[in-house]
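S.K.: First to last, the sequence lines map onto chains A and B.
796 is the number that our numbering gives to position 165 of the first sequence; each next residue is one higher, with no gaps.
115 is the number that our numbering gives to position 64 of the second sequence; each next residue is one higher, with no gaps.
Rather than coming from a laboratory, the hints here were simulated on the basis of the structure.
Careful, some of the hints might be misleading.
To be verified - In silico contact screen, one side only, chain A against chain B (beta carbon under 7 angstroms); selected entries:
#, residue
1, R1386
2, G1394
3, I1398
Every value quoted in this text rests on a predicted model; they were computed, and no experiment measured them.
All C-beta atoms in this analysis are idealised placements derived from N, C-alpha and C, irrespective of residue type, glycine included.
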Amino acid sequence: MIIVTFRILPPWRSEKWPRWIAFIVVAFGFAATLFLRQALVARERAHVARGLELSGVMAERALAARLETEFLALARMARRWEVRRPTEAEWQADAQILVRGDANLQTLAWVAASLRERWVVAREGSGAFLRLEGPRRAALERARDQRAMTVSHVFDLEQGGKGLLVAVPIFESDDIGGFILGVFPLEEILDAFVRMDSESGYAVAVFDDGSEIYRHGDRRYEAARGYEANVALPGRTWRLRIWPEPDLLSEMRSPLPEVTLAAGLLLTLLLALTILFTRRAAHRAGKPADEITEREQMVQSLQESEAKFQAILASTVDAIVTIDERGIIETFNEAAEAIFGYSAEEALGQNVSMLMPSPYREEHDGYLQNYLDTGRRTIIGIGREVAGRRKDGSSFPMELSVSEVQLGNRRIFTGIIRDVTERKWWEEEIRTLNISLGQRVIERTAQITTQYEALKREIAERRRAEEALAESQRFLDATLNALSAHIAVLDEKGVIIAVNAAWRRFAEANEGDTGRVGVGVDYLAACRSAAGMGGEEAKRALSGIRDVIDRRTETFSMEYPCHAPEEERWFVLRVNRFSLGDTVRIVASHENITERVQAEERETRIGRILENSLNEVYLFDANTLRFIQVNRGARENLGYGLDELRRMTPLDLKPAFTPESFSELVAPLLEGKQEQIQFSTRHRRKDGSSYPVEVYLQMSFLGRTPVFVALVMDVTKHKEAEEEILKLNEELEQRVVERTAQLEAFSYSVSHDLRAPLRAMAGFSKILMEQHADELSSRATHYLKRIEANVLKMGALVDDLLRFSRLSRKELKRRTVEPVRIVREALEDLEAMREGRRVEIEVADLPRCRADPALLKQVYANLLGNALKYTRRRAEARIRVGASVEDGRTVYFVSDNGVGFDMQYADKLFGVFQRLHRAEDYEGTGVGLALVQNIIQRHGGRIWAEARPDEGAAFFFTL
Amino acid sequence: MTIENPVEILLVEDNPDDIEMALNALEQHHIANRILVVRDGAAALDFMFSRGAYSGRDKQTPRVILLDLKLPLVDGLEVLRQLKEDPRTRAVPVVVMTASREEQDLVESYRLGVNSYIVKPVDFAQFTRAMRTIGLYWLLLNELPTP
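For reference, chain A alone in the conformation it holds in the complex (with noise of 0.2 angstroms):
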């Protein structure tokens, strides 16, 4: 709203340039640049000067650790050798390790003390020699006169270039034993250190007493840019020079000081170029008329704006005032006079702190003149509710916006001021009822939100007492309904008020309904008239359940049967009386105790079994060995009471045994390794006579106490029937021996007895045939022949028993045999049958078995003998011996092309005496075969044959 307008003008328009200052200001950048170039050089010079300062020393140190390695090997050498002596062959290995390790290593060598022994060992293709001469014998002679290590004068190698020698002396107890010497070529060393060194740029060179030994680059050598050091060597210094190759001169020095030089240069050019340029043009331009008539312009349109803003001044609503810098009004619009109640001419002039109460007042004065010092503002351009004061002396709430304007070298200040006296009231007024009405709201909204958590907190309890309640009553309705046993709650009365799901379904089982034993149900009464119909038992359950609840017991219980038609029963009742309040509740419990009563009558019954029982029962403790019960058998055949017995340990009773060998034969039960153990012994009666045991032994618990458990049986009666038994048997076995050689005998006799009258009548016959032939016609003779072939036949038969009866009763003597062997001699035996005929005889690998051989023998030689004798007809005979395998066993077999017979009669065949074929056809006294079964049976074999007439038979057996 405040327009302000400035006008720039440039201070020096009315000032002179002189012309000099151009001069000046060339010559000081002339003088600046040059100077700033001679620095930089200079410290380039300094920086090279360093560099090469700092590359020397490294070198020298370099140079000098170099060669301080290269001979320590060697002052190594001649110190184990001052320890302990080499041989020549110790100390060519030695040395040959370290020239063949040391690439810079020529010649290694020991030399005496006289210089006139030495060993040498040299690189290869170095040849083994030394010369010690020239600057090499002076080394030497050094080395022993000073007695240290010396390196000599550089000298020409024979292999060509230069070489130093090194002389190590060694000391045998203060005298010089001798040295060590190596042979080094000089540039190898000096080579492999340059190389070392041969990046930064460096030229080398060594001097040896003044003469240049060694020299690495081309350039020569520039006093003033190089730098010198000298080397020690044992006995001997070198000067090393070194200095920088142009390269690296080249790359050292920058191109800085000429770029300053021109650019310095350059730059005073320009300047003192510009100072000339701008002299000539401010001289040429004088006054301009263009920014005259501009300036007339811009106070005109300032007078308008001035106009407008009165106009704006007087017609505001809000008062306007305007001070100075000093707070002196110098504006006062006609709202601030209604605002304020003074009047224009009143205020104007005065000091602003008079509309201001105390006490603002005082300290307005400070406000401005500490803006005006500071420039932190305090009240202006904030607009912000301030307290006015009328020209009645009256103060009132206004609202104050103060803007600063800078009008020419003057400051004014501009206060636009509001009067909010009603708008502050409304706003108190408001104020205070929001606050009543607030507070109101928050009283109300405490008091309903206590209610609310206290209605909350009340339901919550609720609810959770009557979940407790019920998750209670499910637990105890379900902790009733899992018990087994039948439970229901009788009130005072004794009536059923609650029963448990196990007493519902007995109830159900048992009685087809709850009608009679449920809910609602005098449970007295239902025992009444139980009692009523001659149950002894419930007359019981009725007065126990009456005592319980007429408080004359606390508790009443029984176990009674109830047998249902197909199984036994047994229940124990039990009854408890518990206080709920006033009230008095009575729980009646039934639980099927059928198992535990049988179990105990079980148990009574077998002791009562093992108490009667005839054998002997011990019961004894593991630890003591003290018996705890006997039973009456063992009682009444020992003769001892079971007093006496608890007194006494089967030691007592076991003579035979003493405490350590009872503990040992009861380890294994002790131990657990066995379960029981048997053993015989003898048991002492009281009246000292014994009688033989037989004791079975084991473990077990009486309780937790571990006791053995003996089941002793009396076997007087089974060692008596033992001995019969063995008596008897040996009775037997003599009357087998008798019976036997009554057999023998009797087979003496008939082979003697039977076989002489047959003698006689064939010897006589043939005597008569032989002798007296010509007395005798043909008929004679013919009957005498008859005779002779029966007489023959009745020896056959006779022999043939004997042989049977002999072979029956000879003894077997198994052995492992080839039954392939057997069956070739009984072949041999039989080849008279053979004779004039076509026989094939196959014979197959026959197993090995045991066998007695004669006996396997007489088996092939009937077997085969029947096979020749029954294929005799056939034109060509075929018989085949062979072995198979049949269930693991092997079975022998004979088998021919004979005439066979009829398995019909296959019964018959080993029958003694028993024949299938005529004797007029085959000859045979059915002995043979039944001689085979015999062995073969006593051999624990099976003999079988398989024939068909007229086809072949085949005899199978196994052994």
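Fit chain B to the supplied structure of chain A, relying on the hints for placement.
M.R.: Using the frame of chain A, we list chain B on its own:
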């Protein structure tokens, strides 16, 4: 059977049939001369040791004894034992004749030192052959038979 003639063969056999057949067999081979037959073991021993009925006979021993094992009074094995135990008779060859093939007889005979053994066969021809073989063998060791 004259005592005067020296006995060449002593036949100890109790069975008359066998005696007759043996003599017949020996006769067939012309070696029936000077055969003395005794009917039991005791007689055989008496003859051999010149005692009892034979005491005082000349001390000439037979060339061979044909001895049956089954004999009355003293059985053949006992006779054999005594003959082989006595140094006077030990050298006389004894051929055991038996109807039996019983093993123990055989074994025992050999144990006692029998010189030969024949089983009396039922076949007379066979017997004759056996007698001949044995007779010849033992009789002709030193001396040819009388033609």
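S.K.: If a hint holds in the structure, say so; if it doesn't, say that too.
M.R.: Hint-by-hint comparison with the structure:
1. Among the interface hints, the one on R1386/A holds; its C-beta lies about 5 angstroms from the nearest C-beta in chain B, closer than the 7 angstroms criterion.
2. Below 7 angstroms, beta-carbon pairs count as interface contacts, and G1394/A has one with chain B at about 4 angstroms; its hint therefore holds.
3. Below 7 angstroms, beta-carbon pairs count as interface contacts, and I1398/A has one with chain B at about 6 angstroms; its hint therefore holds.
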